[in-house]
Amino acid sequence: MELSVKDWDVVCQAFQRLCGSVGAEKPNHAGEPWTEELDRLLAKKWAEGETVAKIALAMGRTNGSIASRLERLDIVADRAEASRRK
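Each residue of the sequence shown is one higher than the last, beginning at 1 in my numbering.
Calculated directly from the structure, the hints in this document are not laboratory data.
Keep in mind the model is a prediction, meaning the values are calculated, not measured.
C-beta: ideal position from N, C-alpha, C; glycine also.
Do not rely on the hints blindly, as some may be mistaken.
Stated by the list, open to error - Cut-off 30 Å, straight-line C-alpha distance, at most; resulting in silico cross-link-like pairs (DSS-like, lysine-lysine):
id	residue 1	residue 2
1	K86	K44
2	K86	K54
3	K45	K26
4	K44	K26
As the list claims (entries may be wrong) - Quick list of the computed label-pair ranges, beta carbon to beta carbon:
id	residue 1	residue 2	range
5	G49	K26	40 to 46 Å
6	S68	E37	14 to 20 Å
7	A14	A53	44 to 50 Å
8	K26	E2	14 to 20 Å
9	L18	D78	30 to 36 Å
10	E81	V10	36 to 42 Å
11	D39	V10	20 to 26 Å
12	C12	E32	32 to 38 Å
13	K26	I75	21 to 27 Å
14	S4	D74	48 to 54 Å
15	G49	K6	51 to 57 Å
16	K44	D7	52 to 58 Å
17	Q13	K54	34 to 40 Å
Using the sequences and the hints, build the whole thing.
What follows is the structure in C-alpha cells.
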C-alpha cells in the first residue's frame, strides 16, 4: 500500500494525539487556582534561593506554572530569568 503525503500527515497527527494523551502524569495541583497564601509561599521559597524545579515539586505544580507565576507577581522579569536559576 502506498500513502500520499496527505495520508502520512493524517497518520502523523493521529499518532501525535495518541502520544499526547499518554504523557506523564501532571503534578497534584496543576491547573488549580493560585491563592494569596500560595503566592506568599512561592515568593518565600524563591527569596530563599530555591530553584523552579524544587519549588514546583514542593508545591505540586509544573515548572512552567511556577516560572509564569513568578513573572506574573513581578518577582522575575520573565520566565527565562526564573528558569536560569540553578
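Cross-check of the supplied hints:
no. : hint                  : verdict
1   : K86 - K44             : holds (17 Å)
2   : K86 - K54             : holds (10 Å)
3   : K45 - K26             : holds (21 Å)
4   : K44 - K26             : holds (24 Å)
5   : G49 - K26: 40 to 46 Å : violated (26 Å)
6   : S68 - E37: 14 to 20 Å : holds (18 Å)
7   : A14 - A53: 44 to 50 Å : violated (33 Å)
8   : K26 - E2: 14 to 20 Å  : violated (40 Å)
9   : L18 - D78: 30 to 36 Å : holds (34 Å)
10  : E81 - V10: 36 to 42 Å : holds (41 Å)
11  : D39 - V10: 20 to 26 Å : violated (45 Å)
12  : C12 - E32: 32 to 38 Å : holds (33 Å)
13  : K26 - I75: 21 to 27 Å : holds (23 Å)
14  : S4 - D74: 48 to 54 Å  : holds (52 Å)
15  : G49 - K6: 51 to 57 Å  : holds (53 Å)
16  : K44 - D7: 52 to 58 Å  : holds (55 Å)
17  : Q13 - K54: 34 to 40 Å : holds (36 Å)
Hints 5, 7, 8, 11 from the earlier list are contradicted by this structure; the remaining hints agree with it.
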